[in-house]
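Trainee: These are the residues of each chain, in order.
There are 2 protein chains.
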Amino acid sequence: MNSPHLSRGSKQPPPPKSGKLRLYSNRFCPYSQRVVLVLDAKKIPYDVVNINLSNKPDWIYDKNPYGKIPTLELDNGDCLYESSIIADYLDEKYHQHPLHAKDPLQKAKDKILIEQFNRIITTMYRVMMNVGRIGLDDDEAISEGLTTFEKELGRRGTQFYSGNKPGMLDFMIWPWCERADILKLFGNQHLLKREKYKKLMEWRRRMTEEPTVKKSILDSDYHIKYLQSYRAGMPDYDFILNSK
Amino acid sequence: MNSPHLSRGSKQPPPPKSGKLRLYSNRFCPYSQRVVLVLDAKKIPYDVVNINLSNKPDWIYDKNPYGKIPTLELDNGDCLYESSIIADYLDEKYHQHPLHAKDPLQKAKDKILIEQFNRIITTMYRVMMNVGRIGLDDDEAISEGLTTFEKELGRRGTQFYSGNKPGMLDFMIWPWCERADILKLFGNQHLLKREKYKKLMEWRRRMTEEPTVKKSILDSDYHIKYLQSYRAGMPDYDFILNSK
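Line by line, the protein sequences give chains A and B. Note that the first sequence covers residues 1 to 244 in the working numbering. Note that the second sequence covers residues 1 to 244 in the working numbering.
Where hints are given, some of them may not hold.
With a straight-line Cα cutoff of 30 Å, these simulated DSSO-like cross-link-like pairs (lysine-lysine) come out [unchecked claim]:
1. Lys20/B - Lys43/B
2. Lys199/A - Lys68/B
3. Lys43/A - Lys102/B
4. Lys17/A - Lys102/B
FYI, nobody ran anything at the bench for these hints, they're computed from the structure.
Pulled out of the complex, with its shape left as it was, chain A reads as follows (with noise of 0.2 Å):
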């Protein structure tokens, strides 16, 4: 998973192992995580091909029309894209640990919920790739979205939000929970009160104490060493590998 982020002019490494799915994807994507998540939970053979986003390999075009990670290459060489797609593609190819809810309203309703997810995603993505500081209008899309959730899991009472073990929609959100911290580095003070979401904050504790998370968490430290590097013009996604 630390593996060196191959850049252009690298020669493409030989196809995985007979039996053994290929994700092609960088340490520091958060969609790319989410893929890397459902693989660990249903533990699915895979080995990863990391991508320098800032400087891709002419190959990875043959994976992928658009150059763009995560794309899983499957046994036949078929590659597929979008990390909820090959979500859904990989709980349904493979039976064993289901993240889905087998019923069809409740796994819509959970579908819905990672669709509104992605308002915060979006917000996030904005005040840490590009804005220096955040808005109001940021500040409330964030905390309007957070309280949704804190809401949805005291409605569900459950220990996380596919019950009493994370499934589809723990996942699909976990990789920015991960990386709420470095909001602060941006945000007003109010932003992340930890109070208004307790039980968000018990979740995000839940999470990172299971075995599946703890495969692919990194410390807000590396996450906040990237996002410099990022920001600075010269995105470092290799760093990891003398650290870690």
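Guided by the hints, dock chain B onto chain A, whose structure is given.
Mentor: Quick look at chain B alone, frame taken from chain A:
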């Protein structure tokens, strides 16, 4: 389906008859039409409540926190939104006339194409609603997108994307294909050259002959008349009541 579009101040309609789903919709909304197509293809009983989008009734916010359509109301009062989530829900919940491929890989590939079609949708929306004339970038986005779909139909070698009858992918892209001729009003001569998209044009003709499509299809004249009212700042959703 052609009932009047209800506005602010209008009385909330009584719940649907038992066993019927209720679709909050708009006769000219392509996303709503997606759900209509799925309901009709699967022969699921439903009724329609049309919403005036430029002057929404307050009670629509009880059904959907964003007041958006399409919103599907279930027997038990639960409401679902987001057209593709509703479509997937209906296909999972109601087993008759399945629309998605059974094979998870084929289903994922179809979902990637639906996702790719969003680029065409975004461009069409921008062109039809805001910008008077198509620019070169828009040209390219649309012709690149259509070329993908033209080639895909050739690769599959079937009458419809889903085989010998239309399936989820066919229905998810149809509402914008139904409206494609409108682009000529705003586009340049080269945009929709039929000879570039022979297979797509054949597919489109076949789609217009499908009973499911016939139930909701409108002539380009209607779409143009609606669009003109929209662009003039006074969207008229109800002229169709007097003309059909």
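Trainee: With reference to the structure, classify each hint as holding or not holding.
Mentor: Verification of the supplied hints:
no., hint, verdict
1, Lys20/B - Lys43/B, "11 Å, holds"
2, Lys199/A - Lys68/B, "29 Å, holds"
3, Lys43/A - Lys102/B, "23 Å, holds"
4, Lys17/A - Lys102/B, "27 Å, holds"
Figure legend: structure checked against the earlier numbered hints; every hint is met.
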